[in-house]
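Colleague: So my numbering is basically just the index in the sequence shown, starting at one, shifted up by 3.
No lab work stands behind these hints: they were computed from the structure.
There may be inaccurate statements among the hints.
[Claimed, not checked] In silico DSS-like links for lysine-lysine, alpha-carbon gap of 25 Å or less:
| no. | residue 1 | residue 2 |
| --- | --- | --- |
| 1 | Lys64 | Lys34 |
| 2 | Lys39 | Lys64 |
| 3 | Lys60 | Lys50 |
| 4 | Lys39 | Lys59 |
| 5 | Lys59 | Lys32 |
| 6 | Lys41 | Lys59 |
| 7 | Lys32 | Lys64 |
| 8 | Lys66 | Lys32 |
| 9 | Lys50 | Lys34 |
| 10 | Lys55 | Lys41 |
| 11 | Lys66 | Lys41 |
| 12 | Lys59 | Lys34 |
[Claimed, not checked] For each label pair, taking beta carbons as the anchor points, the in silico distance ranges come out as:
| no. | residue 1 | residue 2 | range |
| --- | --- | --- | --- |
| 13 | Ala46 | Leu13 | 19 to 25 Å |
| 14 | Val18 | Lys58 | 47 to 53 Å |
| 15 | Ala31 | Gly9 | 42 to 48 Å |
| 16 | Ala12 | Gly40 | 39 to 45 Å |
| 17 | Ala61 | Glu38 | 44 to 50 Å |
| 18 | Gly36 | Met11 | 43 to 49 Å |
| 19 | Ser6 | Met35 | 53 to 59 Å |
| 20 | Lys59 | Met35 | 14 to 20 Å |
| 21 | Lys41 | Ala15 | 33 to 39 Å |
| 22 | Thr33 | Lys58 | 17 to 23 Å |
| 23 | Lys66 | Lys32 | 40 to 46 Å |
| 24 | Ile8 | Met52 | 53 to 59 Å |
| 25 | Lys32 | Gly9 | 43 to 49 Å |
| 26 | Arg5 | Glu38 | 49 to 55 Å |
Each residue gets a CB set at the ideal place from its N, CA and C atoms; glycine is no exception.
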Amino acid sequence: MRSMIGAMALGALLVAGFAFTVEPVSAAKTKMGCEKGKEYWDAAEGKCMAGKPPKKKATKKSKEE
Numbered sequence: 004m005r006s007m008i009g010a011m012a013l014g015a016l017l018v019a020g021f022a023f024t025v026e027p028v029s030a031a032k033t034k035m036g037c038e039k040g041k042e043y044w045d046a047a048e049g050k051c052m053a054g055k056p057p058k059k060k061a062t063k064k065s066k067e068e
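Taking the hints into account, I'd like the entire structure generated from these sequences.
Modeller: In structure tokens form, the structure reads like this:
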């Protein structure tokens, strides 16, 4: 009986140790492979860039009469 309790304790320690060695869930990726919220795809560079994408400039509409 005592050996069974010892074996169960050892098994619990092994399972707990394994749980901490497994890598955490990886971050969500976009279609191009960039991390969502941390990187954006820069077509001019052809790769993921750190940070948020630059805002697009608004274009002025010309008033032609």
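Colleague: Run every hint past the structure and note whether it holds.
Modeller: Structure-based check of all given hints:
1. Lys64 - Lys34: violated (33 Å)
2. Lys39 - Lys64: violated (33 Å)
3. Lys60 - Lys50: holds (22 Å)
4. Lys39 - Lys59: holds (19 Å)
5. Lys59 - Lys32: holds (23 Å)
6. Lys41 - Lys59: holds (18 Å)
7. Lys32 - Lys64: violated (36 Å)
8. Lys66 - Lys32: violated (43 Å)
9. Lys50 - Lys34: With a Cα-Cα distance of about 12 Å, the restraint between Lys50 and Lys34 holds, given a limit of 25 Å.
10. Lys55 - Lys41: Holds, at roughly 7 Å.
11. Lys66 - Lys41: violated (40 Å)
12. Lys59 - Lys34: Given pair Lys59, Lys34 holds - Cα atoms ~21 Å apart, limit 25 Å.
13. Ala46 - Leu13: 19 to 25 Å: This hint is violated: roughly 55 Å between Cβ atoms.
14. Val18 - Lys58: 47 to 53 Å: Holds: the Cβ-Cβ distance is about 49 Å, inside 47 to 53 Å.
15. Ala31 - Gly9: 42 to 48 Å: holds (43 Å)
16. Ala12 - Gly40: 39 to 45 Å: With Cβ atoms ~42 Å apart, the hint holds.
17. Ala61 - Glu38: 44 to 50 Å: Once the Cβ atoms are compared, 28 Å apart, the range 44 to 50 Å for Glu38 and Ala61 is violated.
18. Gly36 - Met11: 43 to 49 Å: Since Gly36 and Met11 have Cβ atoms about 44 Å apart, the given range 43 to 49 Å holds.
19. Ser6 - Met35: 53 to 59 Å: Between Ser6 and Met35, where Cβ atoms are some 56 Å apart, the hint holds.
20. Lys59 - Met35: 14 to 20 Å: holds (18 Å)
21. Lys41 - Ala15: 33 to 39 Å: Holds - the Cβ-Cβ distance for Lys41 and Ala15, about 37 Å, lies within 33 to 39 Å.
22. Thr33 - Lys58: 17 to 23 Å: Holds - the Cβ-Cβ distance for Thr33 and Lys58, about 18 Å, lies within 17 to 23 Å.
23. Lys66 - Lys32: 40 to 46 Å: Since Lys66 and Lys32 have Cβ atoms about 44 Å apart, the given range 40 to 46 Å holds.
24. Ile8 - Met52: 53 to 59 Å: holds (56 Å)
25. Lys32 - Gly9: 43 to 49 Å: This hint holds: roughly 45 Å between Cβ atoms.
26. Arg5 - Glu38: 49 to 55 Å: holds (51 Å)
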